[in-house]
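Engineer: Here is how the chains run, residue by residue.
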Amino acid sequence: MASVNGILGKKVGMTQLFDDRGDVRPVTVLQAGPCVITQKKSAAKDGYDAVQIGLVEFVKGKNVSKPMQGHFAKHNLPPVKFMKEVSIISETAKSAAEGHEDVAVKVGDKVLVDIFQDERFVDVSGTSKGRGFAGVVRRHHFQGGPAAHGHMFQVQGSIGASSFPSRVFPNQRMSGHMGDAAVTVRNLKIRGIDVEENLLFVEGAVPGHKGAYVVITRAKQPPRERRGFAGSTTIDPLKAAKKAAAGKAKK
Amino acid sequence: MSISPIMDKVLAKLQRTDIPVLTPGDNVRVHVKIKEGDKERLQAFEGTVIAINNGPQGTFTVRKVSFGHGVERIFPRNSKVLDKVEVLRSGKVRRAKLFYLRDLKGKAARLREAE
Chain A
16 MASVNGILGK
26 KVGMTQLFDD
36 RGDVRPVTVL
46 QAGPCVITQK
56 KSAAKDGYDA
66 VQIGLVEFVK
76 GKNVSKPMQG
86 HFAKHNLPPV
96 KFMKEVSIIS
106 ETAKSAAEGH
116 EDVAVKVGDK
126 VLVDIFQDER
136 FVDVSGTSKG
146 RGFAGVVRRH
156 HFQGGPAAHG
166 HMFQVQGSIG
176 ASSFPSRVFP
186 NQRMSGHMGD
196 AAVTVRNLKI
206 RGIDVEENLL
216 FVEGAVPGHK
226 GAYVVITRAK
236 QPPRERRGFA
246 GSTTIDPLKA
256 AKKAAAGKAK
266 K
Chain B
21 MSISPIMDKV
31 LAKLQRTDIP
41 VLTPGDNVRV
51 HVKIKEGDKE
61 RLQAFEGTVI
71 AINNGPQGTF
81 TVRKVSFGHG
91 VERIFPRNSK
101 VLDKVEVLRS
111 GKVRRAKLFY
121 LRDLKGKAAR
131 LREAE
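As given, the protein sequences belong to chains A and B, one line each in that order.
If you count by the working numbering, then the first sequence holds residues 16 to 266, one letter each, in order.
If you count by the working numbering, then the second sequence holds residues 21 to 135, one letter each, in order.
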């Protein structure tokens with residue numbers, strides 16, 4: 016079956032989980048879905064294949080604009096506030112590999128977090144926390160000046176030479192608005208999926224505040240499986256060496 | 021700190037209920053699972069609980085003196101590594117954090133047993 020490449024969600028918060036080895040991992044809890052497909056874009060009509068999905072939550076119909084109400088009424092959909100377009104995984108390749116017959120996604124279909132069941136990594140996009148007008152120390156990690164003896168503290172030094180070039184080069188890092196920008200964090204490891212509660216646990220931080228809307232997609236470029244490095248197959252190189260030695264002695 | 025109801029549910033699932041309630045001053049034996057290759061064995065860590073951090077992801081710190089050197093280990097209460105925790109005896113203490121024990125050794129570092 017053709018499958019949608021991503022899901023919409025909300026950041027719930029961060030916590031810690033224990034992995035198989037008993038180590039603590041920092042984990043972000045994401046409420047992923049349930050989503051509904053609100054519109055389908057086709058190559059024939061729109062020039063590309065994609066679906067528009069919306070995050071199903073408690074939204075009053077009257078709080079959605081009239082044009083959107085019409086959009087939802089067309090297919091008898093629940094009103095949604097947060098919508099995004101996500102791509103569809105190429106139906107032919109995937110269905111051929113699995114031997115399924117091609118079932119196209121259609122408007123009104125549910126998108127649930129189980130689409131990530133077989134995945135190991137996801138990309139998460141959101142809007143980062145706004146920091147307002149931030150200075151250079153905070154915004155660009157400048158070192159700042161000495162803290163005492165009549166110095167200014169968090170100021171930038173020179174921003175260029177004098178008569179030549181008589182201008183400031185483009186992209187000179189200065190203070191200004193920071194945060195509240197679209198940020199994508201790639202290749203967050205999936206640490207757990209709760210299908211019943213629509214929760215997704217990813218290792219690491221996710222942009223935005225708690226309750227912020229995020230778009231979760233399959234990892235665009237997941238890290239390559241490393242081969243041949245110590246620890247990939249053997250757990251303890253010392254033990255492995257001992258085992259090998261014991262094996263030789265038997266022969 | 022207010023946590024969302026979803027977070028409460030997630031954290032409630034993580035809680036281990038088989039670990040006894042510990043108080044500072046307790047003498048405990050902590051059985052720790054240790055993985056060696058594909059084999060697993062237990063190792064006991066016996067000492068005094070000198071600090072407890074509460075909360076959904078609470079920890080407790082156990083201090084012992086091993087061959088003249090103080091050793092402290094912080095155990096997350098919900099850790100999978102813990103096999104079981106035995107309370108051997110509880111000491112009478114008047115504060116929550118017993119960090120003063122770090123400066124004491126020998127007979128001075130003993131705690132009177134609680135009634």
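These aren't lab readings, by the way, just hints derived from the structure by calculation.
Among the hints, a few may not be true.
Simulated coverage check for chain A against chain B, where a stretch passes if three residues somewhere in it have a Cβ under 8 Å from a Cβ of chain B [as the list claims (entries may be wrong)]:
| hint | region |
| --- | --- |
| 1 | 26 to 34 |
| 2 | 152 to 163 |
| 3 | 211 to 225 |
On a predicted model such as this, the values are computed, not experimentally measured, just so you know.
Positions of the beta carbon are idealized from the N, C-alpha and C atoms, including for glycine.
Engineer: Three residues or more, CB to CB closer than 8 Å: is that satisfied between the region 152 to 163 of chain A and chain B?
Structural biologist: With 0 residues close enough to chain B, the hint is violated.
Engineer: Confirm or reject the coverage of the region 26 to 34 of chain A by chain B under the rule of 3 or more residues with a beta carbon closer than 8 Å to the chain's beta carbons.
Structural biologist: It holds: at least three residues are needed, and the region 26 to 34 of chain A offers 6 whose Cβ sits within less than 8 Å of chain B.
Engineer: Can you take a look at whether the region 211 to 225 of chain A is actually covered by chain B? Rule is 3+ residues, C-beta closer than 8 Å.
Structural biologist: Since 3 is at least three, the answer is holds.
Hint 2 alone, counting from the list given before, is not met by this structure.
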